[in-house]
Amino acid sequence: MPQASILDLPAEILTGILTLTCEKLYGNTFAHTTTTLLTCHRFYSLTLPILYRDLEFSFPHGQKTTLLLDTLQSNPALRLLVRSLVLTFGSEYWAVTTGITVDDYMAAADVLCWCRAVHTLQIRGEERFQLEDIGGRDLNGWRWELVHYAFRHLPALQRVHMSRWVNSPGFGFGMRFDCQLRGYREWCELPGNESEDVLALKDHTCEYCARSNDDPVLQRQTTRLIEFSVAFDHTFSDLAISVEVFIFHDWLESHPHTLRRMVFGKDRFQNPGSFFRVADFSNLHTVVYPPFQLKRISPDSYDPPVAAMDRLLGPAVKTIVWDLTSYDPERAPSWDLFGEEEEQWLREFAKMAVDRNTSLQTIRIEFAPDQSTSSLESLKAGYPWDRIERLRGDIQPLGVSLEYTPPTVTREEYRKEVTDREASQRRVFSGWTPKCQLDIIRSE
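Position 310 of the sequence shown, counting from 1, maps to 310 under the UniProt record's numbering, and the rest follow consecutively.
Hints listed in this document are in silico derivations from the structure and should not be mistaken for laboratory results.
Hints should not be assumed to be uniformly reliable.
[As the list claims (entries may be wrong)] Have a look at the derived ranges for each label pair, beta carbon to beta carbon:
(1) A279 to S401: 19 to 25 Å
(2) L48 to A316: 41 to 47 Å
(3) T419 to A279: 44 to 50 Å
(4) N357 to W165: 37 to 43 Å
[Stated by the list, open to error] Pairs of lysine to aspartate or glutamate residues, derived as EDC-like cross-links and limited to a Cα-Cα distance of at most 20 Å, are as follows:
(5) K295 to D355
(6) K416 to D355
(7) K351 to D310
Glycine is no exception: its CB is placed at the ideal position from the N, C-alpha and C atoms.
Could you build all of it, start to finish, from the sequences and the hints given here?
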């Protein structure tokens, strides 16, 4: 029987072993990089694909990005090892006067031109160019041009994620559209392909590599699929985001078949007269929805389930996610977010969906309350997962399954927390005399 060698293991497993070993020896999670390359030459070819598989470039570029750019420019063989790219423009916390240069933007285009084996691309951040570079022109579409540039130069591209700073439900998140684009024509029709400034940039960046915007090979790829996701931050305080949302929605209206998953956040687009209706999208299979968007301002109660049918259910929607994520940075999700009112609303909604013969198969509840920040009143509302289990028992016979995030605490831990809070409250107020009694004592 031939003797097995550790070098016969897959590169990912071997690198994991080396990482754990070097962490124990040096107490440094990155020690394996230098140690591995310098210790044994046979490890070199196994480690490089792991080190260069996922790369991130930040602009304005600092020392790390500069070194990566120089390395890829001087060693073309390393470019073919890159499978995932993240391009970040600016910083979520940068000063208003800070901006990126056109050279930074061109460097990002160079990276897309070089790394032709990339299958996943993420573009995040926002355009804040230095004024002397742009001459007062409006360059809000330049991130979209990078998307078009990627489509033209990355033949292995499978997934594109585009966002500013928030890509998932939470503080600052507005909404996200998860689409599936098929073929060259649908890629070209995305926003950002008509701006005069963008076309000028396209001509400049194409000097670095062969022109491929008219490549007949790409045009013949009518069945190639790309997962395209675009997320928008909360639009309340930024007019540019609002404009970008409406521009993208215009494209979406003419390509409704592309939308697969819709994640709603802080922005309310489901009020009467609003432009977005789930029922208009034939291939939309999942809707993630925060229930506060279903609440009336006055009185503070939910719209009836019948009013939410077109908002939440389309011809192909199979999954509804009841998202109880907190959008308040100073307040974590409390225990009373899923109470008897929410339980009854979802029960009626599921029954109505079945009666109307919709495609609904699953309701998922995203609920992870923070026990430490919950008030005694919210804790006294009862163990919320008892209500969730009761709801599941009621709708499962109808053919609608219920999924939910695992409980953050057990029922026993929950009861102990309530008991401890009540005992602590009694100790605080045991020596307290109401003001009315103090007034009586003083008068006597």
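How the hints compare with the structure:
Taking 19 to 25 Å as the suggested C-beta distance range, the pair A279 and S401 conforms, at roughly 22 Å. For the pair L48 and A316, the beta carbons lie near 44 Å from each other, so the given range of 41 to 47 Å is met. Against the hinted window of 44 to 50 Å, the Cβ-Cβ separation of T419 and A279 comes to about 48 Å, which satisfies the hint. Between N357 and W165 the C-beta distance comes to about 41 Å, which sits within the given range of 37 to 43 Å.
With a C-alpha separation of about 24 Å, the suggested pair K295 and D355 falls outside the 20 Å cut-off, and the hint is violated. For the hint linking K416 to D355, the alpha-carbon distance of about 42 Å lies beyond 20 Å, and the restraint is violated. Between K351 and D310, the direct Cα distance comes to roughly 15 Å. Compliance with the 20 Å bound is thereby established for this hinted pair.
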